[in-house]
Amino acid sequence: MAAPYRANHQYKVKAHTSEASKRYRAKPCRSLRQSLYRCKPTKRCRKAIEELQKINYKAVSERNALHRFCCKKCLSFLEAITFFIQIIFRELGNQF
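Everything in the sequence shown is counted per this note's numbering, starting at 1 for the first residue and increasing by one.
I should point out that these hints are in silico values taken from the structure, not numbers from a laboratory.
You can take every hint at face value.
Straight line, CA to CA, 25 Å or less: simulated DMTMM-like cross-link-like pairs of lysine to aspartate or glutamate:
1) K47 / E62
2) K72 / E62
3) K73 / E62
Whenever a hint applies, use it, and build me the whole structure from the sequences.
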């Protein structure tokens with residue numbers, strides 16, 4: 001029968017069945033494993049990239065909102081100018 005194995009960290013370690021097998025490989029401390037997992041450089045880089053993407057998305061959405069606001073104001077300004085030009089031409093047309 002094959003020796004029993006159990007998952008430990010990222011590799012298999014022989015199960016503790018006797019005092020001699022306990023010296024087979026020391027089990028890493030759980031808090032150490034968790035701190036190693038938390039401090040992975042790839043994870044830090046991924047989080048930094050996600051934060052930059054969030055900031056970029058907010059900036060783009062704010063820029064789009066400002067653009068829409070400016071377009072609305074320009075259109076309302078052009079409508080007002082068109083209205084006054086129509087009035088002026090109507091008055092000039094009545095004079096001739």
